[in-house]
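Student: The lines below spell out each chain.
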Amino acid sequence: MNAYELIVNILTALGAYEPVLNIFKAHGAEYVLKVIIVFVEIVVLMAFVLVTVMFLTWMERKVVAMVQVRYGPMVTGPRGLLQPVMDGIKLMGKEDIIPEKADKWLFTLAPFIVFIPAILVFVPIPFGDYLIISDLRVGLLYIIAISAISPVAILLAGWASNNKYSLLGAMRAVAQDISYTIPLALAAIAVVLFTGSLSTVDIVNAQSGTWFGIIPKWFIFLQPLGFILFLIASIAEMGRIPFDFQESESELVAGFFIEYSGMKFAMFFLAEYAHLFAVSAIVVTLFLGGWNGPIPSFLPAFAVPLVSLVYFLIKTYAVIFFAMWLRDTVPRVRIDQLLNLGWKIMVPLALLNLLVTGFLVTILANGVI
Amino acid sequence: MSGIIKGLIVTMKHVLHIGNRPTVTIQYPYERMKLSPRFRGLHAVDENACIGCGICEVNCPNGTITIVKYGTRWFPQFNIGMCMFCGLCVDVCPMNAIKMTGNYELADYTRESLIYTPERLLFSKEVKQ
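These protein sequence lines map, in sequence, to chains A and B.
Counting in our numbering, the first sequence runs from 1 upward without gaps.
Counting in our numbering, the second sequence runs from 370 upward without gaps.
The shape of chain A in the complex, shown without the other chains (with noise of 0.2 Å):
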């Protein structure tokens, strides 16, 4: 059920399989063979996230663009559809300036912690039927612990920086992460009760078909309250616009990257859009039902990964335009407002969700009712 299995099918179907195969077991190194398909994966996972962060990049000027009456970048290219391209190319041509005084192993290994857990999340998130890198057991476990790299590797960068507001930003930054993880974990912990089991692949299956033949099974329905909580948490998590304590311009200049330019700066700036999508591919696989959707059954076998992929994305970008969109919206809050709204709103109504769903689950599983 996963991207390994779907190559290894495609490559028998083509008559490729063995052969191959059969060349590396005349070595004795049919794992050579086993590494590759895995290598080619990994790339193809790189490959289709970068290019998903670049245009997300252009996606959020656009939104905000058109938000504000302005047409947005449209220059470069179609539409300035090229604009994350020339982006990139001046950030390379930048100076990398580390400052004097600065920690200079931790202010260079610190955009490498963000930016390696921001791919990191992507490896059980089932991006369509087969379309998964690796089932995890552990899934929505795993997800969640590493996200909880990024706000050490913040505290780091604004340690490493040695300024002041370096520092104040990534102290905001580990606050918040710390006091939005909590009502995230609860609210995701909601579905898992309903699931049984915190592998993403059974999360989504949980959710494929519908009750009385319209609405479809998504846990949405079933978790409305968990699903804002959810959403509000994981928007505070990426630190984008009502909750941007880390880089909050005007207090902070521009939070924990302040010294960063060049290269590091622009692993820090995908990283954080890489957030923004992983975060939404979670809700997306969590809440509004994975890559489930009409597949009509007359298509061949090979188009149902498509397919699903399509569906997949379609409801990943309606999540990632929701955030843009709020935060064209709202005006940052502040900080001892964002501090209130977790501990004092957020954890107890998460708490007394999963309290409710566990007793309905309870319920339901005895068959009281």
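Treat the hints as calculated values from the structure; they're not laboratory data.
Keep in mind that a hint or two might mislead.
[Claimed, not checked] Partner residues are not named here, just some residues of chain A that face chain B (Cβ under 8 Å, in silico):
1. V67
2. Y71
3. V330
C-beta atoms are modelled at their ideal positions from N, C-alpha and C, and glycine is treated no differently.
Knowing the structure of chain A, use the given hints to seat chain B on it.
Tutor: What follows is chain B alone, placed relative to chain A:
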């Protein structure tokens, strides 16, 4: 919460151009705004009307204008770097020789090239006999 939803509706109206919310940006190098006919841009001096009297020079508040000899006659010379485009020179000219064109792309690389000699300012109106 209701405030956020109201705000979201307003921004969505902007995205979809509902109501009087057109995209107002002008793609400047490719398209230009329509200028008012009385727009105060770069000056132009009528070669046949100008008598080189120097009233414009006296009236210019910034000392932009100097009267210089060009060919056999005297004409005003404008240092656009000092000009504030008030239009007093146009008003005081006894022969109505100075007018202002709509040319507003006056940025240049050197201060010297901002000095517009009569050579670059003069135009000759077709005189009806």
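Student: Hints first: check each against the structure and report whether it holds.
Tutor: For each hint, the structure was consulted:
Interface restraint check: V67/A against chain B, minimum CB-CB distance 5 Å, threshold 8 Å, status holds. The interface hint given for Y71/A holds, since its Cβ lies 5 Å from the closest Cβ of chain B, which is under the 8 Å cut-off. Because the smallest distance between the Cβ of V330/A and any Cβ of chain B comes to about 6 Å, under 8 Å, the interface hint for this residue holds.
Figure legend: structure checked against the earlier numbered hints; every hint is met.
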